[in-house]
Amino acid sequence: MGISETYTRGRELAVERPFVLVVAAVLALLGFDVVRQLATPGGLSTARLATYLWDGLVVGLSIGLAGVGLSMTYSILNFANFGHGDYVTSGAFAGWAVTWLFAGAGQFDLSTLLFIGSLSTTDLGVSILSTPLAIVVGLVVAAAAAIVLSLAIDRVVYRPMRDQEGIALLIASIGVALALRYTIYIVFGQRTRGLTDAQSVPELALPVGGGQTLAIGGHEVTLVVVAATLMLGVHLLLQTTKLGKAMRAMADNEDLARVTGIPTERVVRFTWIIGGGLAGAGGFLIALERGAMNFQFGWVLLLLIFAAVILGGIGSIYGAMFGGVTMGLAQNLSLVWIPSEFSTVAAFGVMIFVLLFKPEGLFSGVTTA
Amino acid sequence: MSGEADHREPAERSAEAAGDGADAAAGDAVADDAATGAVRAADAALPEESLLRVRDLDAGYGDLQILTSVDMDVGDGEYVTIVGPNGAGKSTVMKSVFGLTTYMGGTVEFDGETIHGRSPDEIIHEGIGYVPQNENVFESLTVRENLEMGAYILDEVPEDQIEWVYERFPILRERSDQRAGTMSGGQRQMLAMGRALMLDPDLLLLDEPSAGLAPDLVQEMFDRIDRINDDGTAVLMVEQNAKQALRRCDRGYVLVNGENAYVDTGDALLADEQVRKDFLGG
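For the record, the sequence lines run as chains A and B. Start counting the first sequence at 38; every next residue gets the next number (our numbering). Start counting the second sequence at 1047; every next residue gets the next number (our numbering).
Since the hints were made in silico from the structure, they are not lab data. Hints may be right or wrong, so weigh each one.
No farther apart than 25 Å at their CA atoms in a straight line, the calculated lysine to any residue pairs in the SDA-like style are these [what the hints assert, rightly or not]: (1) Lys279(A) - Val1203(B); (2) Lys279(A) - Gly1173(B); (3) Lys279(A) - Asp1201(B); (4) Lys279(A) - Glu1202(B); (5) Lys279(A) - Asn1303(B).
Between the sequences and the hints, there should be enough to build the whole structure, so can you do that?
Quick look at the structure:
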């Protein structure tokens, strides 16, 4: 192991995998600049940097959680489900209607609560600390509603087209997306509504050194904890249970799964159950963290979800998680250098940059399903 | 041609087959002979009782018919090979037995039960295992997970059966946590067989098990199939390595243009001049 050998290996790396070198160089440069800015008096404070990182993680996990379902349905049913964003919205609306009902029953008009209508969110006072039960029940209902919805839509729309090409299914899913979105619009209206009582949300102050603190919202913590738990759950399901292994097997090779005796329709059903459940739970948590939602927030989010899923390698659930967090961090860390109006540009810039060098996405071919 | 009628006059038909065989020249002519005589040569070699019994089977894909009136028998514990030129429908016979083609007529019976028209996941319950030619392992799953999938229809993972497979294919034990996609062609073939053996089937269908293997591995693969057969599992195999396969099997079928052409013991087919000339490269 001499210098020349090291040199040769380095040269091979540079020739065969220039991507790794470019990324390393860019990251090193940015990292160096962050250190420089931190060291500059009056420059970037550690508290601000910590806030960016934390916000990036929160946004990233919420995108990732919604993305897991999208990636699963892609890998097992072989189509990009454009209705996924509206499963997110539907779950959120169902969940929040129930949360409001739980929190405000007796004090407010039932139909106002059920249709998440106009009332003072301060008076209703929904938050994870003041009305934890209502939030938990709402979360469960959000997941359950999205599951029922995705199973019903599969039965009515996708199952009769099971043998069709991915493009036909994709177009059908756009129709499903529109139908869902405007059903919500008709039932709940187009108003962006506040959901939680911002005043009663507890905040945690974490010391980050230099006498500075990072303020962490209770709803952000809820999102991070629940999202991380659910993702861990999906991981364990896929790796250790018979059903999870069958899902991976079917994503890998559907024909072989069939001749092996794996009941493929049952696996499809469970894929919708898990994917739909995560979409609904994700929608509820995103609305909880933001404290507000409207009838098309899932649809707007879908672009970011797709970006994250493609970045991670479509079809890989680990790619969806990783892609989501990458997008979230890129969006927020970019604030160190550029104004916030451009942060989404930065996130998509990172995606395009990665795809230029690894068009199949980061995790594709490494871990499917 | 009726399979029933064939059974009655083996001696006469053998003679007929010999006569026809001498005259036949081109492949098409051989196929025609099949209908009239050559196939009867083997009646003496037919198993007394068939585990798998295919009669007058017509099958194909969608509207396209591939098999015409195919007869085939596999006795309990028998080792049967199907050979023939490319496009003769060899794999289609196997897929038809396993319910993967469009059924168009005739009967397929297994262990006395009619199985034609049933789906693979039903047929697998009857005790038939199938190893496809290509993409026959789950690449992103580990070796052990592939074996577990082979026993999906059971309520619990049959540890003793995994152990049984490991004993026959020790390399799989060594690689049990490795992803199947990272293994060599020969190892994948072993894994594919191991997966199909997880339910301890009475009949194993093998579609070109030696395809794409290096020559020394081909020998090893055939040895392993012998062992599986020695353990009592009947084998129905399609093979490109026709001579090798016929040398080892109990009985062989020659299929041409989706029809039976010859059937006899492996050795008899190897000795048959016409078969050698037309199908075995002289």
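Against the structure, the hints come out as follows:
The suggested pairing of Lys279(A) with Val1203(B) holds, with an alpha-carbon distance near 9 Å, which does not exceed 25 Å. For the proposed pair Lys279(A) and Gly1173(B), the alpha carbon gap of about 21 Å is at most 25 Å, so the pair holds. This hinted pair checks out: Lys279(A) and Asp1201(B) have alpha carbons roughly 10 Å apart, not beyond 25 Å. Of the supplied pair hints, the one linking Lys279(A) and Glu1202(B) holds, its CA atoms being roughly 9 Å apart against a limit of 25 Å.
Distance hint between Lys279(A) and Asn1303(B) is unfulfilled; the C-alpha atoms sit about 43 Å from each other, more than 25 Å.
Violated hint: 5 only; the structure is consistent with all others.
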